[in-house]
Structure formats: C-alpha cells, structure tokens
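Chemist: Given the sequences, and given the hints that come with them, work out the whole structure.
Final position of the sequence shown in my numbering is 214; the numbers increase by one with none missing.
Think of the hints as simulated: they come from the structure by calculation, not from any bench. Bear in mind the structure is a predicted one, so any value in this text is a computation, not a measurement. All C-beta atoms in this analysis are idealised placements derived from N, C-alpha and C, irrespective of residue type, glycine included. Heads up, some of the hints might be wrong.
[As the list claims (entries may be wrong)] In silico EDC-like pairs for lysine to aspartate or glutamate, Cα to Cα no more than 20 Å straight-line:
hint : residue 1 : residue 2
1    : Lys45     : Asp19
2    : Lys31     : Glu51
3    : Lys42     : Asp130
4    : Lys45     : Glu209
5    : Lys163    : Glu51
6    : Lys163    : Glu209
7    : Lys163    : Glu129
8    : Lys18     : Glu167
9    : Lys163    : Asp130
10   : Lys30     : Glu51
11   : Lys42     : Glu209
12   : Lys45     : Asp182
13   : Lys18     : Glu209
14   : Lys42     : Asp19
15   : Lys31     : Asp19
16   : Lys30     : Asp19
[Claimed, not checked] Using C-beta positions, here's what the derived DEER-type ranges look like:
hint : residue 1 : residue 2 : range
17   : Asp97     : Ser131    : 38 to 44 Å
18   : Asp130    : Glu51     : 21 to 27 Å
19   : Pro25     : Asp173    : 32 to 38 Å
20   : Gln177    : Arg57     : 23 to 29 Å
21   : Asp130    : Arg96     : 33 to 39 Å
22   : Pro17     : Gly157    : 29 to 35 Å
23   : Glu159    : Leu16     : 28 to 34 Å
24   : Glu51     : Ser185    : 36 to 42 Å
25   : Asp97     : Asp19     : 28 to 34 Å
26   : Trp164    : Thr137    : 19 to 25 Å
27   : Lys18     : Asp183    : 29 to 35 Å
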Amino acid sequence: GLAVGVLPKDWVATGPTGIVKKRVSVVVQDGVKALKIITGSEKFSIVRRTRAMLLATPYLNWSWNLSTHGPGTHPIRLIIGFRGGLRDGAKIEKTWRQKVFADIGEKLPEFDRSLSVTWEDSALQRGTLFLPAPKEGKLMPRYIVRGGRENYGKWWPEFIDLGDLYNQVWPDDDMSRVQVTFIGVAASGGQVPTTGFLSEVTLTR
10 GLAVGVLPKD WVATGPTGIV KKRVSVVVQD GVKALKIITG SEKFSIVRRT RAMLLATPYL
70 NWSWNLSTHG PGTHPIRLII GFRGGLRDGA KIEKTWRQKV FADIGEKLPE FDRSLSVTWE
130 DSALQRGTLF LPAPKEGKLM PRYIVRGGRE NYGKWWPEFI DLGDLYNQVW PDDDMSRVQV
190 TFIGVAASGG QVPTTGFLSE VTLTR
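Modeler: The structure is reproduced here in structure tokens:
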C-alpha cells in the first residue's frame, strides 16, 4: 500500500535521473492517501508491476484529482501494459515499440500492447476510443475516460472494462493469454507545471 512520504518499492520509474524524487510523492489530499504527480519540462512515468490475467480481473478502478492546465489533453494520463495475446507468428513492429519506449520509457516491465487513458478538454469526449494512427503520430491507443475543465480540482472515481477495450483495439489477439503487466502514470514534458493525484488503483473481476 501507499505510505505517506515514501514512494512504493514495487513501482518502476522512467525518465531523467532523480526526476521521480522531485516530481512524485505520497501525500494525503482532501483526506485521501494518494500518489502526487507534478509535471514539468521533462517527461517521465511511474508504473506498478502486475501479473494479472486480463480475463480474470478485467475491470480497472481508480480515483484521481487533476489540476487545471493549458489547452488539449491533460499532461497526466494513465498507462496500462499488456503481454501475451499475440497469436503464433504475429510480431510487433519495431518502429511501434521504439515510439512507445521514446514516449514512456525503456525500463518498464515487458509488454507487447499498451493503452493510454486520458482526460480531455470537453466532457462530450468522454467514452471515446482512439485507435493507433502512426501517420498522425499516435503512439498508442487512447481512451478518454473523463473530460471538462469544470471538473478539475475534484476527486473522481473511475471504472473501465480493460477486457472490452483490449478486444476493440486488438480483436485478433488471444484474450485468454493476455496478462496486465503494469499500470501507472505518464507525465508529458514541456508543459506548464500542473499537479495530479492518483489513488486506489485496483484490478477487479
């Protein structure tokens, strides 16, 4: 579990040396014990290793509280890694892997699929799933779970069906073999500093 003032030992960080000590901490926010993330000029990610079978625990639950920021997608987003669903003979394109590693880091637990979960400007975008479009620079599938600037600064509980999203994005994969290998947070670089809080991240059946 989370201990105030101490970063979880089972979490893996990527980014510049020492970035996590400067940008990530465990605090109590509005009475809720949470992971605090502060964005800045450099991108980084912090993820928790998992070894859960997707079909056994397909539902991802969490709560978050994000501060306001500039226009567009909020720079703090959830990232989820998967492994094992590729059919025999199927391969992951090297260029795709390089793009993802460049975006969220190379020290992550092994994965062959990944999904980003974001907060957008408009509440009307909620529930939208964007599939990969390499020519447009999309690094991974992106699901909008919440939107609206008027909703910043409050705690929001979230619930998504990872199994359903996975099946929509990769319908040819063998779902019975898919593992969730990590769940965490990525922060975009080059942004005006903003803050986010993440709590109660769990997989359930």
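Chemist: Would you mind marking each hint as holding or not holding in the structure?
Modeler: Against the structure, the hints come out as follows:
1. Among the hinted pairs, Lys45 with Asp19 is consistent with the structure: their alpha-carbon atoms are about 16 Å apart, no more than 20 Å.
2. Only pairs whose Cα atoms come within 20 Å are accepted, and Lys31 paired with Glu51 is accepted, the gap being roughly 11 Å.
3. A threshold of 20 Å between alpha carbons decides the hint, and for Lys42 with Asp130 the separation of about 26 Å lies outside it, so the pair is violated.
4. This hinted pair checks out: Lys45 and Glu209 have alpha carbons roughly 13 Å apart, not beyond 20 Å.
5. Distance restraint check for Lys163 and Glu51: the Cα-Cα separation of roughly 26 Å exceeds the 20 Å cut-off, and the hinted pair is therefore not satisfied.
6. The straight-line distance between the Cα atoms of Lys163 and Glu209 is roughly 15 Å, inside the 20 Å bound, and the hint therefore holds.
7. In summary, the hint linking Lys163 to Glu129 is supported, as the alpha carbons are separated by about 15 Å, within the 20 Å threshold.
8. The suggested pairing of Lys18 with Glu167 is violated, with an alpha-carbon distance near 25 Å, which exceeds 20 Å.
9. A threshold of 20 Å between alpha carbons decides the hint, and for Lys163 with Asp130 the separation of about 15 Å falls inside it, so the pair holds.
10. The suggested pairing of Lys30 with Glu51 holds, with an alpha-carbon distance near 13 Å, which does not exceed 20 Å.
11. About 9 Å separates the Cα atoms of Lys42 and Glu209, which keeps this hinted pair within 20 Å; it holds.
12. Restraint check: the Cα-Cα separation between Lys45 and Asp182 comes to about 35 Å, which exceeds 20 Å; the hinted pair is violated.
13. At most 20 Å may separate the alpha-carbon atoms for a hinted pair to count; Lys18 and Glu209 meet this at roughly 16 Å.
14. Using a Cα cut-off of 20 Å, the hinted pair Lys42 and Asp19 holds, with the two alpha carbons roughly 17 Å apart.
15. With a CA separation close to 18 Å, the supplied pair Lys31 and Asp19 stays within the 20 Å bound.
16. For the hint pairing Lys30 with Asp19, the CA-to-CA distance comes to about 15 Å; that is within 20 Å, so the pair holds.
17. Take Asp97 and Ser131: their Cβ atoms lie about 42 Å apart, and the range 38 to 44 Å holds.
18. At about 24 Å, the CB distance of Asp130 to Glu51 agrees with the hint of 21 to 27 Å.
19. The beta-carbon spacing between Pro25 and Asp173, approximately 36 Å, falls within the hinted interval of 32 to 38 Å.
20. Range check, Gln177 to Arg57: about 24 Å between beta-carbon atoms, so the 23 to 29 Å window is met.
21. For Asp130 and Arg96, the hinted distance range of 33 to 39 Å is satisfied, since their beta carbons lie about 38 Å from each other.
22. About 30 Å separates the C-beta atoms of Pro17 and Gly157, a value consistent with the hinted range of 29 to 35 Å.
23. Under the hint 28 to 34 Å, the C-beta atoms of Glu159 and Leu16, about 32 Å apart, fit the expected range.
24. At about 39 Å, the CB distance of Glu51 to Ser185 agrees with the hint of 36 to 42 Å.
25. Taking the beta carbon of each, Asp97 and Asp19 are about 32 Å apart, inside 28 to 34 Å as hinted.
26. Taken as a hint, the range 19 to 25 Å holds for the pair Trp164 and Thr137, whose Cβ atoms sit roughly 23 Å apart.
27. Against the hinted window of 29 to 35 Å, the Cβ-Cβ separation of Lys18 and Asp183 comes to about 33 Å, which satisfies the hint.
Hint check: violations occur at hints 3, 5, 8 and 12; the rest are consistent with the structure.
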